Amino acid sequence: MPAGLNRALLTVAGAVIAIVLAIAISSVAIVAAGANPLDAFAAFFNFGETPRAVVNGVAAFLNRAVPLFIAGLAVAVGFRMNLFNIGVEGQYRLAAICAAYVGSTFTAPAPIQIAVIVVVAAAVGGLYALIPAVMKVTRGVNEVIATIMLNYIAINLTSFLVRGPFAGQRGEGQLTTTTPELADSAMFPNLNFIFDWFGQPSPTRGGGLWGFLLLAVVLGLAVWVVLERTRFGFNVKASGLNSPAALASGVDPKKMIIAAMVLSGGIAGLIGLPEILGDRGAFNSNFTAGLGFLGIAVALLGRNKPVGIAVAALLFAFLDRAQGALQFAEVPASVITIIQGVIVLLVVVANEVTKRLALRLEEQRAAQQLGRNTPVEVAA
Amino acid sequence: MSADTLATAKPAVELEGITKRFPGVVANHDIRITVEPGTVHAIVGENGAGKSTLMKILYGMQKPDEGTIKVNGTEVGFRTPSDAIAVGIGMVHQHFMLADNLTVLENIVLGAEPKKGGRLDTAAARKRITELAESHGLRVDPDKLVEDLGVGDRQRVEILKVLYRGARILILDEPTAVLVPQEVEELFQNLRELKAEGLTVIFISHKLDEVLDIADAITVIRRGTTVASLARNEVTSARQLAELMVGSELPTPETRESTVTDRVALKVAHLTMEADGYHPVPKGTSIEDYVGKLRAEGKRLLLDDVSFEIHEGEILGIAGVEGNGQSELIEAIMGIRAAHGGVALGEQDISTWSTLKRRESGIGYIPEDRHRQGLLLEASLWENRVLGHQTRKPARNGIWVDRRAAKADTERIVKDYDVRTPSVDTLALALSGGNQQKLIVGREMSGAPKFLIAAHPTRGVDVGAQAAIWDHLRNARAAGLAVLLISADLDELIGLSDTIQVIYRGRLVAALDPSDITPERLGGYMTGAIAGTEET
Amino acid sequence: ACGGSGGGSTTASEAPTGAASSEAPKSALKVGLAFDIGGRGDKSFNDAAYAGLEKAKTELNAEIKELSPAADGSNRGDLLRQLADAGYNPIIGVGFAYGEDIKKAAQEYPDIEFAVVDSASNAPNVTGLLFAEEQGSYLAGVAAATKSEGGHIGFVGGVENDLIKKFEAGYVAGAKSVKPDIKIDIKYLTPDGDFSGFKAPDKGKVAADKMYQDGADIVYHASGDSGLGVFQAAAAAKKKAIGVDSDQRQTVKETDLQSVIMTSMLKRVDVGVFEFIKAFQGGAKGGTNVTYDLKVDGVGLATTGGEIDDIKDKLDTAKQGIVDGKITVPAKP
Amino acid sequence: MTRFTKYHLVLIGVAALLLLMSLVRVVSGQNDITSSGTFAAALLLAVPIGLAGLGGLWAERAGVVNIGLEGMMVLGTWFAGWAGYQWGPVAALIAGLLGGALGGLIHAVATVTFGVDHIISGVAINLLGPGVTRFLSEVLYKEGTPAADAGAGITTSPAVTGRTWEPSLPLLSDGPDLLGKLENTHWFLLSDLAGIMRGLTHEVNVLVILAVLLLPLTFFVLWRTAFGLRLRSAGENPWAAESLGVNVYLIKYVAVVISGAFAGLGGVFLVFVSDKYVEGQTQGRGFIGLAAMIFGNWRPGGLAAGASLFGYTEGLRLRSSGAITSVFLFGAVLLLVYLIIRVRRMLSPDQPAELAARNPKDYTLMAAAAAGMVVLFWLWMTVDQLPGEFVFITPHVLTLLVLLVASQRLRMPKADGVRYRRGEQR
Ligand SMILES: Nc1ncnc2c1ncn2[C@@H]1O[C@H](COP(=O)(O)OP(=O)(O)OP(=O)(O)O)[C@@H](O)[C@H]1O
Ligand SMILES: Nc1ncnc2c1ncn2[C@@H]1O[C@H](COP(=O)(O)OP(=O)(O)OP(=O)(O)O)[C@@H](O)[C@H]1O
Ligand SMILES: [Mg+2]
Ligand SMILES: [Mg+2]
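Residue numbers (the numbering used here), protein chains in the order written: chain A, 1413 to 1792; chain X, 10 to 545; chain L, 1388 to 1720; chain E, 1344 to 1769.
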């Protein structure tokens, strides 16, 4: 479909221009910091000297992308319907601790145990997202503010649970609070064999390349299928594009809000699992926070589409990975956040500009094919 | 005639060779119009002919690509509306330009605020507005919120806005589209007064009899170009004007013989809707009693005990001034808004059903505002075909959307309904309004509905498309479709309907026979000027 | 950063190390250090560790590299690995949050020696650098109770986690040892897991204000940057406060605040880091915990300003009691 | 007419609240509920939230959603610290304002000029704020710089030089301190009033006075001047405003830049309180400010109430762990009052029987209220120290509850968050 292709090409061109501009802007910052931008950009691609360092770096990069991708998906499901689920942050933390705790209370064959943990996480995330959804549907409470409040509540609830009811045994002299250790059967098998295919050594870093990556890919596909091919996805799209029209077409907006929010929360519930099932084996006070907020940026950068989100998550993870490398190169590592922020801003600006251009082109095409641009000559 | 005595004065507005291109469209092409001061100058033309664009150019909202504008003899180059306002031009737009949550006063003074020591001088503004309102017979309460006003009042606020700025040249873009004949007459009275004060009025309307009634001169635009400039006395009939506009014979909405059967397709009983939100009827109370109680308490009712039946093969027209409950009525029938009372489709009581179930059981819906309720502008045509048919063949395949079948069926609609589009993958927003409307009509007719709500089915649609849509409605009616027709176009209403009901303040106040009713008499019922129920 | 204070007070542990450095060829010693969130330049915990590292650089001729983690702390383990892959040995993780990551890294790199500050050893090649904060806090409690005229003192903790609770436990025990019926107000700024309590001077101020208003005359804080608020409250109430970690009478630059800091509970992370590096150079292996307590002056009270000179005897007695094992200080409240 | 009664309703509400607080204080014996210290703390903690909320109000009244307040506030703190240590408090104020305004300008360029979705732009600014400031610290405050010698670190600036003025009300809250004396008598109602008055007037930072004055000033500017009318029209119907010659782009730019400046001012305030920039000291106040603004129905008065709620509960929590449990008692009494009103209305003879609460929903509501009352009372009786986490979430839970009750009456500007393009019809 040439029209679609045109639009896609324009979008890619816009994104490339935005990234080039972001690089230019951050170069200025790096120069201002008294460092050499070339060193800095070399650092982004410098994964280390030894093969071991390289595979570890690659694994760290991909492992970082996995939760970011899931977070992006979670946010995007809501955004597609103009529902701003700012509460992904709270949903995933609460889900992670509950799943980690439930998973630690029993042992079962790996597939069953992992499945239970995943289901618990999704259920808790979904249920927690149900609260703002119900508040919005029954009382018209703005979901942005409700989820912001619920984030604070979830974060405190989590820290209460990890110290109190869900606390596990700690080693002598350990100050990190944690849930009970998961059994080995709960740990997600890693994907280190992929490195064998390329004749590389296995990454040695904790957990190697997280197997959850596969699940994330499957999840991405599933979200794509659901959003783009099913009736439910159509209803989501319709509600997002024009909610009065969706309502008139028989879509029940209340049901849709609840469904989309719960789906979003359910996906959000999985954000913490790669880390827990791939590496930590428990929820503890070092558990990575803030992925929900980063997910917003990732989703927006990826234009709320699974493929775009994957690209955005990889980009963010790629930049994040260089945290250490930049410091080795004596470049302030905070330049990463600047690049991320600038890219988000510029890419959406570029999106806007290219979208307008694409619309213009399409209208032009439509008008030309209809021959509307030839005014008639009529004698008065 | 005043126009004659002022003929030597400089023209109020001179448009010379105005050309305006939009991507892919030439909206205006070498337009030449001369407007004499102290006259009402009408501009007529088909939908999309370029009238609004031209006026926006004159008002500084858009820049012409070519051509010159002279106001009172001096050439001007407007960059923003404020430049136009500065030389005394004011414009009432085709669609209301009002901020609902601001008061009438705030809406009027916005942009030209009287100030006193940094403060907004509301006292001075109120005084000025009251004066203007009195001297022009435009009564409004300056402290009311605009959202509480009806359309007539809003129209008055729009005109006051222009007068408040001291405009000497008024542009009125289809000001009568939402008014009933009586209100139109009131407006014309005001215009004549303004004209007598020496103001110049540029007036746009699709209602040619109105044009003939008020205008001193008429310019006809076709496809962006001026095709004729005539003085009023050069025009002999509306038909002559219309033929200039389209260059072809005019269709009329004339229903031929009756196809009404005795099988009830839709029955509405005691439909009632409160203004302050839906409250359930207490148990053990009948709806009639409940409504009586509400009336006794002086509660405002959007729908007040509305009952009617539509038979298979019948078109029931609902006449009424906008804002008298038409929107609420159709939304209640569609299940979009909660209301008391019963709705039955055939034998089935559907009053507790969801919108979806109602649609599935055979109700079609052409909404009054296609952009708001009818289309996903940023989605392709075939996706718009799916809208409202998500759960039915051919769009549905289990839990999936059947893309191939949906596209194929969209091709059918495009062919059958003459939707002018490059392909079914084109985004809906790239289509002109008329083509969008044809797509909607085609969509709602598919799946053989038993009952169709057609709200303003030809609004903003050009004559050719209008005739096509009327034909489709008539054919479906002949095949046994029941139609609830709501239209502001009284000719359309009278021409198509088998029965006409008049809705006034949420009540059905008259049932009329379209064969012996004139638009004027209909207008009388619609405005409450003629009271009582007339049985046919 | 902490150079001034570090240099000044580390003289006690200065030892002849010339022999060691002449033995080792130049740059044979490559020491890597990974900071806790906040990173180098936080004027506190991380900088204290850095002071130890810097000392190793000058005195042990070590090549050093220090890395700060991302703001969310998600890459602590990766920093350790990057240091290991770049050939650094030993590698030190600063903060108890490194406990878990050090354990994993130590297993992945069995030939490299690791150390972790504030967390126990959990592998053969890991040294736990622990500090007896409760002992130092005990002395702070003794000083506060002795100096308090109204028999009413306070404690402001930044985050209610087990580490800060050690401070509270020691402080309370010390105060009660002087005046068993002393009134001690205790307040934590944020619950566990919410580390903003270390960065909220305004909240520290509100909490301390209340204590001073209620009659407390000395408030001890273990709340990072929030301690600034405690000092301000003390200055406003014209009362005293006790600082933490470093000698805050020196590190805090505002003169009006300096004068309210009666003393500070020193936690000599710099000593711990330096001693670990030195021991590594001497061939020591991990698998053990080294506790820096009063005995080795790993914790203690600062005397800058001389405000506790008059009760030196009392403090020394208490210290001796702890060192001798006559007094056992609880580590949990 | 309606305004008149509304005004009275507010007065009556405030009086009832006071009475209730006084009652709860007497019953529970927790003097901190209305002590001057609590109110001083509440003021201290409410001001930055209120300023952020005010920033949100300006932007949203002009139709631009500003979720980037947090990032703008961070910019405000950093620039205030940076200028403050070099040139004193006035410079800090100006630099912080400018820093926040810079964030606002970026938001304006993205949303107004480029038509970017407002939430996206806000999220980007929330990323950029902390990133840029951290970067600046790493460059300007690193070891060996003059700033570092003056006491800067990567996470803190040197202390702001010079003092700000902290006046008190003469006689009443200072000097003889009559209010303080009255407060200490712990008389019913009188002491409570005195405590509140004193807390709000004793040694109040000039910036607090400035911030509080900004509320009526905002009201005046937005609702009583021509500029304000134009600004609000841009948030209600920009197309209408444009058609009347209002430069909507300019208005939006001005509003969003002012919005950023107010958020920045909130940051300046934080810096003044702690005497220096401390990384992370904003602690999500931008978001809370936004919540306070929505809570306050996009109006200055309501916003002040929302900010006060957050400030008060946090202040009370920090001062007294015991007092915060009185919130249970407070809630129980509120529910009791609600029940009494319901029952009285039900039993009142002039209510038509059929229309009186006959439907089951009303009964469930009342039953729930009664059950809630019992549970709250029981909690108050049995719990004497809540885990810190639960205390911390009190204001957030209260906000949610208030929204549940009141959100249907909230009315946001009609074109809030709408992408507006000049010359484009809706
Ligand atoms: N902003 C725009 N961008 C692109 N094309 C436009 C724009 N505005 C108008 N057009 C095109 O210009 C043509 C003239 O439109 P205009 O609104 O002036 O018609 P009109 O005569 O006022 O019609 P109507 O009777 O429906 O109001 C339309 O066909 C439309 O395609
Ligand atoms: N804001 C806009 N931007 C771009 N194009 C526009 C805009 N508004 C209208 N158009 C163009 O105008 C046409 C539709 O305009 P509109 O809805 O006014 O139709 P219309 O004048 O009723 O058309 P018709 O009467 O011919 O069916 C489309 O061709 C579209 O390209
Ligand atoms: Mg049109
Ligand atoms: Mg028009």
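Since the hints were derived computationally from the structure, they do not count as laboratory data.
Fair warning: there could be bad hints in the mix.
[Said to hold, decoys possible] Simulated restraints, written as ranges between beta carbons of each label pair:
1) L:1417 <-> A:1432: 33 to 39 Å
2) A:1768 <-> X:487: 44 to 50 Å
3) X:524 <-> E:1690: 58 to 64 Å
4) X:143 <-> E:1352: 33 to 39 Å
5) X:420 <-> A:1630: 33 to 39 Å
6) X:459 <-> A:1432: 55 to 61 Å
[Stated by the list, open to error] Only pairs whose alpha carbons sit at most 16 Å apart, straight line, appear in this in silico EDC-like list of lysine to aspartate or glutamate:
7) E:1485 <-> A:1742
8) X:292 <-> E:1705
9) L:1625 <-> E:1546
10) X:276 <-> X:356
Since the model is a prediction, treat every value here as computed from it, not as a measurement.
Cβ coordinates follow ideal geometry from the N, Cα and C atoms, glycine included.
(request) May I ask which of the numbered hints given earlier this structure violates, with the numbers listed in increasing order? (result) none
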